[in-house]
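In terms of the UniProt record's numbering, the sequence shown has 246 at position 246, counting the first letter as 1, and numbering is strictly consecutive.
Worth flagging that the hints you see were computed from the coordinates, not collected in a lab.
Glycine is no exception: its CB is placed at the ideal position from the N, C-alpha and C atoms.
Accuracy of the hints is not assured; some may be wrong.
[Claimed, not checked] Cross-link-like lysine-lysine pairs, in silico, DSSO-like; alpha carbons within 27 Å at most: (1) LYS142 <-> LYS204; (2) LYS224 <-> LYS265; (3) LYS71 <-> LYS121; (4) LYS121 <-> LYS151; (5) LYS142 <-> LYS103; (6) LYS224 <-> LYS187; (7) LYS38 <-> LYS204; (8) LYS38 <-> LYS151; (9) LYS38 <-> LYS88; (10) LYS187 <-> LYS204; (11) LYS88 <-> LYS64; (12) LYS88 <-> LYS151; (13) LYS64 <-> LYS103.
[Claimed, not checked] DEER-style ranges, computed between Cβ atoms: (14) SER127 <-> ARG60: 38 to 48 Å; (15) ASP257 <-> SER219: 36 to 46 Å; (16) SER127 <-> GLU289: 37 to 47 Å.
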Amino acid sequence: MLSRVAERLYWSARYLERVENTARLVSVYDDLLFDLPKDIEVSWFNLIEILSNEDAFEQRYKVKDERNVVKFLLADDTNSSSILSSLKMVRENIRTTRDVVPKETWELINELDLYAQQNIKQGINRSERHLFLNTIIEGCQKIIGLFAGTKSRDAGWHFLIMGRYLERADMGTRILDAAVALMLQSKPETRIQLGQVTWSKVLKSQSAYLDYRRTVRSSINGAKAATFLMNDPCFPRTLAYCLGQITESAAQLPRADSIRAKVDKILEFNYPLVSSEDLNDNFHNHINELQIAIIEIHHQITENWFHFRQGDAA
């Protein structure tokens, strides 16, 4: 497979996953603010901080309110990670790889892109936001399901898998970090009540609520929820599962040893969480290190297969 085709497939999967994750994040955050007691103040700007987009946002908007944050994340064409911008990138990458993806992929991404453009005001306005976001999520899952059911398990498939799960791992760690930051910033007298609502919403943002209850068989608390979302080997949105999928797909391609080494390095350092008190600044630093390690995996994928030169080390 040509490196430019492999790279476009990889980025198609990353951007498609980014669209779904952004829709999930905004939807669940909306629910979180609705369910919190009125005396607990939580800013919409936290979403911008989760995605490390503070500078880009502040260049465009002076007011850090709900409407501006949602508009930036869903519709802003100056934000390369907004839903509309990401869909545009998925569409372009699929357009240039149409001969190696299922025929229906082009039709589905066009339908989803057109829906998003025509109905973006629904997403920005609170009253119809959930309908818009749920339709976006379902559209992404329809394309992923098409790949799962009809895409040959060739090299192209493995680049799709690595792109999807690397993006998912990155967003998963960001959501964990945001939840911890929210708890650390809260007043001690509201922390227990805030924690119960927050960690329930974090699990729901990953569609993990029921699987957590079945697997952990315990009431929800921060330490157990974070441990599940990092370490559970079976649920498809945990860090451990995502890294496992990256390793398995990389193993089907040449020059995979460096990817396995970077993944193993992450898995070797298991941060122990006994109680919610362990979700502190040290855990925040651990999450930051995980995010850096995930970026390093991306760079290694790029070096191994997209910018590889004959004669480089295997």
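Cross-check of the supplied hints:
1. LYS142 <-> LYS204: 20 Å, holds
2. LYS224 <-> LYS265: Holds, at about 23 Å.
3. LYS71 <-> LYS121: Roughly 9 Å separates the two Cα atoms, so the pair holds.
4. LYS121 <-> LYS151: Violated, at about 34 Å.
5. LYS142 <-> LYS103: 14 Å, holds
6. LYS224 <-> LYS187: 22 Å, holds
7. LYS38 <-> LYS204: Holds, because 22 Å separates the two Cα atoms, which is no more than 27 Å.
8. LYS38 <-> LYS151: Not satisfied, since the Cα-Cα distance of roughly 49 Å exceeds 27 Å.
9. LYS38 <-> LYS88: Outside the cut-off at roughly 38 Å; violated.
10. LYS187 <-> LYS204: The given pair, whose Cα atoms are some 24 Å apart, holds under the 27 Å limit.
11. LYS88 <-> LYS64: Answer holds: LYS88 to LYS64 is near 26 Å, not above 27 Å.
12. LYS88 <-> LYS151: 22 Å, holds
13. LYS64 <-> LYS103: 42 Å, violated
14. SER127 <-> ARG60: 38 to 48 Å: 24 Å, violated
15. ASP257 <-> SER219: 36 to 46 Å: 43 Å, holds
16. SER127 <-> GLU289: 37 to 47 Å: Given range 37 to 47 Å: holds, Cβ gap about 41 Å.
Checked against the numbered hints given earlier, this structure breaks hints 4, 8, 9, 13 and 14; the rest are met.
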